[in-house]
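J.: Residues per chain are reported as follows:
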Amino acid sequence: MPNMSLKKNDMPAQEPDVRNKNFKEVALGYSEETALDEAARCLNCKNKPCVGGCPVNIDIPSFIHKVAENDFAGAYDVISCSSSLPAVCGRVCPQESQCEGKCVRGIKGDPVGIGRLERFVADWHNEHDTGAVSKPVPNGHKAAVIGAGPAGLTCAGDLAKMGYDVTVYEALHLAGGVLVYGIPEFRLPKAIVRKEIDGLKALGVTINTNTVVGKTITVDELFEQGYEAVFIGSGAGLPRFMGIPGENLKGVYSANEFLTRVNLMKAYNENSDTPVQHAKNVSVVGGGNVAMDAARCAKRLGAENVYIVYRRGEAEMPARNEEIEHAKEEGIIFKTLNNPVEILGDEHKFVTGMKCIEMELGEPDESGRRSPIEKKGSEFVLDVDCVIMSIGTSPNPLIRNTTEGLETNRKGCFVADENGLTSREGVFAGGDAVTGAATVILAMGAGKTAAKAMDEYIRSKE
Amino acid sequence: MYKIVRKKVLNPTVTLMDIDAPMVAAKAEPGQFIILRVDEDGERIPLTVADFDREKGTVTIIFQIVGATTEKLNHKNEGEYIQDFVGPLGVASHTDGLKKVAVIGGGVGCAIAYPIAKKLHNLGCEVHSVVGFRNKDLVILEEEFSAVSEKLCMMTDDGSHGTKGLVTDALKQLIESGEKYDEVIAIGPLIMMKFVCALTKQYGIKTVVSMNPIMIDGTGMCGGCRLTVGGETKFACVDGPDFDGHLVDFDEAMERSSMYKPFERSKYEEVCNLYKNV
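Just so you know, the sequences run in chain order A and B.
Per the working numbering, the first sequence starts with residue 1, numbered consecutively.
Per the working numbering, the second sequence starts with residue 1, numbered consecutively.
Hints in this document: simulated from the structure, not taken from any laboratory.
Since the structure is predicted, the reported quantities are computational estimates derived from the model, not experimental observations.
Beta carbons: idealized from backbone N, C-alpha and C, even for Gly.
Treat the hints with care, as some may be off.
What the hints assert, rightly or not - Below 25 angstroms or equal to it, Euclidean Cα-Cα: the simulated SDA-like pairs (lysine to any residue) are:
hint : chain 1 : residue 1 : chain 2 : residue 2
1    : A       : 21        : B       : 41
2    : A       : 201       : B       : 22
3    : A       : 349       : B       : 56
4    : A       : 349       : B       : 257
5    : B       : 276       : A       : 436
6    : B       : 27        : A       : 220
7    : B       : 234       : A       : 436
8    : B       : 27        : A       : 211
9    : B       : 56        : B       : 9
10   : A       : 299       : B       : 261
11   : A       : 280       : B       : 261
12   : A       : 349       : B       : 262
13   : B       : 234       : A       : 201
To be verified - Some but not every residue of chain A turned toward chain B, in silico, with C-beta under 7 angstroms:
hint : residue
14   : 135
15   : 173
16   : 237
17   : 250
18   : 352
As the list claims (entries may be wrong) - To give a feel for the contact side, a few chain B residues facing chain A, derived at Cβ under 10 angstroms:
hint : residue
19   : 35
20   : 37
21   : 84
22   : 224
Just chain A, with the same shape it has in the complex:
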C-alpha cells in the first residue's frame, strides 16, 4: 500500500541559529526509516513523468521502488546507470522544477521527495562502499576533457565506462570545478565531491590539475598528443561587475573571489594561509543561488548583518526557494526592489557604505520577468563594510582565443549542436561554457550527451 500522506517527510537539519555559525552541512539527510516511509509515497506510475523532468533521465520510480524494498544497493545501481555524481545531485539539483515538479503526487500535496531519496541512496552507498570497482575493458581510444567540473567529470566518467583512456585537464589545483570553488561546504561537503572524483579515478580516469588549456597547452596540441576527440567543459567563470563608482574599493568582491577564498582556499579555517575579510555588515548584490551561498558564507564568517540586495522582487529571484528559505532562517536580510548605484569608501579606500535606489516593477522584459525601474529621489545608503557582486558570470575567453575555428556567440559561449558538437571536427562542448551560467545537473546532462556523441564520432572513423 502506498503511503498517502500529502506531506513529504521533512529533511532533518541543523538549527538555523547554530548552523549560521559553522560550516558543517545544513541538511542532515533521511534516516533509513524516513527513507522507507518517503519511498512508499511513490505511486510507481506507468508513464513516469518524473523521468522526463530529469536532465540525465534517471529511472526514478525504479530506484525508489528498490528503496521501498529495502534494497539500497540495488537503488544505487539504478541511479548510477544514469548519473555519475548522485551524492552531489541529491544535494544541489533544483528538483522542484525538474523531477519533483513533474511528480503526480505534487498535484495534490507535496511531490515525492526524490532529491532527498537520491541523496539517501548515494550516502548509503558511500558509507558501505568497499571501493572495489571493476575497471572497464580498454577500447584502445583516447579522449581529452577540459575542465573537471560537473560537465567534464560526467563526460569523463561516461567515456571511461565505455573503455576510453580519458584525461581531464583542470586549471585549478583541485578537481571539482564549481563543486569545490563555488558551492559551500555547508551545502555540499567537499569530502563527498572527493569521493565521487576518487570513483572516477578508480575507473581509470586521469586528472591533470594545474593545467590551463589555452595557456599551458592548447586544444590543437591535445590532438597532436593523440586524443581523438576533445570535450570542453570549462564553465562560465568570468565574473561580471556593475560598472558603478567605487567597485574597486577594498571590501568589494566578486562572488567568485569571495566563494573561492572561503571554499576552495578554506579561508574560514584558521590553518589556511588565504585571507578573507571578516566584515561586520555585508551586502550581497544579486538574487541567484550564488548570491545566497555568498550571503550565508558571510554570515558564518561572523557578520552581524548580511543583506541581499536585488533589483527585482522576491518572486523574480532566480534562486531556489529552498535556498531563499534557508538564508532567511539564518538571519539574512532581504532588500528586494533595491539597486546599488555607488559604493562609498573612506580615505584608505575601504568600503563604508553602499548607495542604493529603490526600484519598482514595470512591464515584462525579454526574460519574461517584470523589468525594474528606478524610483526617482529614493536613494539611501546601506551601512556596510563589504560588498559582494553576484550578478552573473560569463565563459572564460582563454580557450576561444587560442583555438582556431571554434565558433562562439555574442556572449562568448561556444556554439554547439544538440549533441555538443562545436564548429570544429572532434571538438565537443557542454555545460556553462555553452549555455552560460546554469545548473550542475544541466551541465552533467550536457557532458553525458557529449560522451555519447564523442563515442559515435570516434567509432565512425574506425
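Given chain A, put chain B in place with the hints provided.
T.: Same frame as chain A, but now just chain B:
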C-alpha cells in the same frame, strides 16, 4: 608535486629557485607569471617568470621573503617539492620592433626586468639598464644585467654601491643627455613605477609596467587583481600583467595591495615563530 632542482640565495632576503615544470617551461615567455602553492594549506601566490630552460624543463623564480608564503617557500631546499605550480599565465611582454629601450628594475623587480632585457638584447635591441637597490647587500643580478646591456646604471639609496640616488635620477640624466628610447620598461615597487611613469610622461616616452596585484586563480575567474587602466577596469591576470604605465591608476593599485596587511603580518609572525621553535 613540483621539484626544486636548484636553490640559490641571492641576498639575505631574495632567493632563486629552478622548478621542474616541463609543460610550463615549454611555453613560458618573459613577462608571464606562474602561480604556486607551497603546501596543502598554502595560499596561491603569483610570481613572474624570471627565466626558463625549455630543454631541462625548468622554470626559474626569484622571490623576496615578505610574508608567510615566501618564508615557507624559502625553507624548502633543493630536492624538495612544492605542492602546486601552474602557468605560464598572462600575456608575454611585447618586444616587437623595439630598437632602443631603457629597462628599469627596482629591488626584486630586477628579477623580472632581467629576462626582458635579455630577450631584447638577443633580438638586437640596444638596452640601457637602470637598476636600484636599498644598499650593496641587496644587489642581485648585476653581472647578468651587465652582460645584456649597452649601458648599466647601478643605483643604491645609500650610495654603498654604484651611484647614490633613485632610478628616476639616473633615467632623467640619460634622457637629458640626449638618449632617445622607443620605450621604457619599468618593473619594481608600485611607488617606483609610479614615479618612473611620472617622469617619462613629461618627455612623452611610452612606458610599460608589470603589475603584480593580489590574485587567486590567475585565469580571470576571481577578479581580485582588477586595476583601473585608462579609466577602464582590467584584470592583471589575463589582460596583463604588462600595462601602459601612463594609464595605470597607481594610487588605487597601492591601496588595493594593502587589503590584507594585518592578516599577512600575523601569518608571517606565526610562520616565523614556527620555524624558530623547530
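J.: Look at each hint and say if it fits the structure.
T.: Status of the hints after comparison with the structure:
no., hint, verdict
1, 21(A) <-> 41(B), "holds (22 angstroms)"
2, 201(A) <-> 22(B), "holds (24 angstroms)"
3, 349(A) <-> 56(B), "violated (46 angstroms)"
4, 349(A) <-> 257(B), "holds (11 angstroms)"
5, 276(B) <-> 436(A), "violated (50 angstroms)"
6, 27(B) <-> 220(A), "holds (14 angstroms)"
7, 234(B) <-> 436(A), "holds (22 angstroms)"
8, 27(B) <-> 211(A), "holds (12 angstroms)"
9, 56(B) <-> 9(B), "holds (21 angstroms)"
10, 299(A) <-> 261(B), "holds (23 angstroms)"
11, 280(A) <-> 261(B), "holds (18 angstroms)"
12, 349(A) <-> 262(B), "holds (16 angstroms)"
13, 234(B) <-> 201(A), "violated (38 angstroms)"
14, 135, "violated (26 angstroms)"
15, 173, "holds (4 angstroms)"
16, 237, "holds (4 angstroms)"
17, 250, "holds (5 angstroms)"
18, 352, "violated (14 angstroms)"
19, 35, "holds (9 angstroms)"
20, 37, "holds (6 angstroms)"
21, 84, "holds (4 angstroms)"
22, 224, "holds (5 angstroms)"
The structure fails hints 3, 5, 13, 14, 18 (numbered hints given earlier, in ascending order).
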